[in-house]
Amino acid sequence: MNLTAAPHVPDHVDPALVVDWDYQRDEKLSQDPYARYAEWIAAAPAEVVWTTANGGHWMIMRNAAIVDALQSPELFSSKHTAIPPRAGSIKLIPEELDPPEHTKYRSILNRRLGPKMMKFFDARTRHLANALIDAVQTDREADLMDALTIPMPCSLFLEMVGLSTDRTREFVGWKDELFKGGDAERAAAQAKIVGMLEETIADKRVNPGEFDLMSFLIHEGRVDDKPISQEDLMSYGFLFFIAGLDTVTSLMTSCFAYIAQRPGTQERLLAEPRSIPDFVEEMLRRYSVVNPVRTATQDFNWRGVRVRKDDQFVCSTVIADLDPAEFSDPLKVDVERAENRHLGFGGGPHRCVGSHLARTELMATLQEVLPRLPNLRIKPGAQLTYTPGSLLGLASLPVAWDD
Amino acid sequence: MIIIHVDTAKCSGHARCAMKGPDVYELDDDGFCCSDGKIVTDEALRTQAIHGMKACPERAITIEERES
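As you go down the protein sequences, you meet chains V and X in turn. Position 226 of the first sequence, counted from 1, bears residue number 544 in my numbering, the numbering being contiguous throughout. Position 6 of the second sequence, counted from 1, bears residue number 24 in my numbering, the numbering being contiguous throughout.
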């Protein structure tokens, strides 16, 4: 008897397109996920391949094809955000909706999180970043994730939903249980977050805040000319939590890790502050974080493959941003790239609604923190490793600096 | 002179055009590009117009060159 039977491949999939790449659990991902993705891009037998991992799904291997899929929600639905689909979790609004339903819930957020609102968040970021650095500066060493890049987006999240940043540490604990815990821990963390959101919503109904997003959604948000329902407010709150924390932490950590590993970079950025926006854009490209998932709405033929309804696709921002057909020498950091149309924030109607906020957080944090941690470097002997999973990010960042 | 064309169905509000070409591309309150049809006659702004076009992740911007 053959105990290692080949995994089942559906009949509609051309055998020439089959690979076994696991973007969630491949063992090389903990060392350098970007190098691993680059290997897959180079080895791909076609621009769309089928992998037998994770129950079987498509992987799109070229930037242009990923843009195409993200811009075609009528064929590529956002109804599931995981492979395989997860049952029983709270629906994420507007992330798991498709147009035209998506548009109603999304447009409310666009203005409130648009570029013109960023002055306020810029000032808050600078204040919060300095407060976090005050707590560790004289230690001359820290895990910069614990000290800065984890609590920073958590604090800003708390302000956005209208809560005190005093609760940041408590909140970081819930986040770790939700993202890293076992089933029981996850359920308990979800219950605590739901309780916290319910408490905030009840409070903001009576005592609206001036700037927070939850007060705005409760008192000014309209969907189909009606106030937003309690259930939908909870979904929004949960999405801000899921989408706005680990993603920013990951990219911010990559920025500081890059700087700490390359002597001279910190000084150059400080000497030329106008280069920081292009530096951040290149970091967003080179160290992209997320792997958006789409699900086929129907049977169709697309870019040489036969697709069946409910087939799932990974539309990886990492693959899009390391495609050598779009970016020459893609693993190289080149701040002066003439064309950097990266997909770090995804694309199409679901383009990350928090992208302007994330950019503001990244730039303002770098500007405030770099002058305060001179000669930032990786602690001698420390090995940087990545957390496994579909969201790419370092596990820790032990650094040292001078007085 | 050049004319800016923006495929507003593709624009999804990345706002990269306005970052790379702040004197050419304007954003509406939601952060979407509202410079479709804009005519740029100032040759000094040509570079900004091209950089903004090349930064668009959605490939929503094209530039038409015309004899003025």
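Read the hints as simulated data drawn from the structure, not as lab findings. Each hint should be verified, as a subset may be incorrect.
[What the hints assert, rightly or not] When the alpha-carbon atoms are kept at most 25 Å apart in a straight line, the in silico SDA-like pairs for lysine to any residue are as follows:
no., chain 1, residue 1, chain 2, residue 2
1, X, Lys72, X, Val58
2, V, Lys422, X, Lys28
3, X, Lys28, V, Tyr352
4, X, Lys28, V, Glu477
5, X, Lys72, V, Lys422
[Unchecked claim] Label-pair ranges, simulated between beta-carbon atoms:
no., chain 1, residue 1, chain 2, residue 2, range
6, V, Pro325, X, Asp41, 22 to 30 Å
7, X, Ile21, V, Asp652, 45 to 53 Å
8, V, Asp329, X, Glu85, 25 to 33 Å
9, X, Arg77, V, Thr456, 43 to 51 Å
10, V, Pro698, X, Asp41, 42 to 50 Å
Even for Gly, the Cβ is constructed at its ideal location relative to N, Cα and C.
Hint check results:
With a C-alpha separation of about 17 Å, the suggested pairing of X/Lys72 with X/Val58 holds against the 25 Å cut-off. Note on V/Lys422 and X/Lys28: the hinted pairing holds, with a Cα-Cα distance of about 18 Å set against a maximum of 25 Å. Under the criterion of a C-alpha separation no larger than 25 Å, the hint pairing X/Lys28 with V/Tyr352 is inconsistent with the structure, at around 28 Å. Straight-line distance between C-alpha atoms of X/Lys28 and V/Glu477 comes to about 32 Å, which puts the hinted pair past the 25 Å bound.
Pair hint X/Lys72 plus V/Lys422 does not hold up; C-alpha atoms about 30 Å apart against a cutoff of 25 Å. Checked against the hint of 22 to 30 Å, the C-beta distance between V/Pro325 and X/Asp41 comes to roughly 55 Å, which is inconsistent with it. For X/Ile21 and V/Asp652, the Cβ-Cβ distance of about 31 Å falls outside the hinted range of 45 to 53 Å, so the restraint is violated. The hinted window of 25 to 33 Å between V/Asp329 and X/Glu85 is violated, with their beta carbons roughly 58 Å apart.
For X/Arg77 paired with V/Thr456, a C-beta distance near 50 Å keeps the hint of 43 to 51 Å intact. With their beta carbons about 48 Å apart, V/Pro698 and X/Asp41 fall inside the hinted range of 42 to 50 Å.
Violated hints, in rising order: 3, 4, 5, 6, 7, 8; the structure is consistent with all others.
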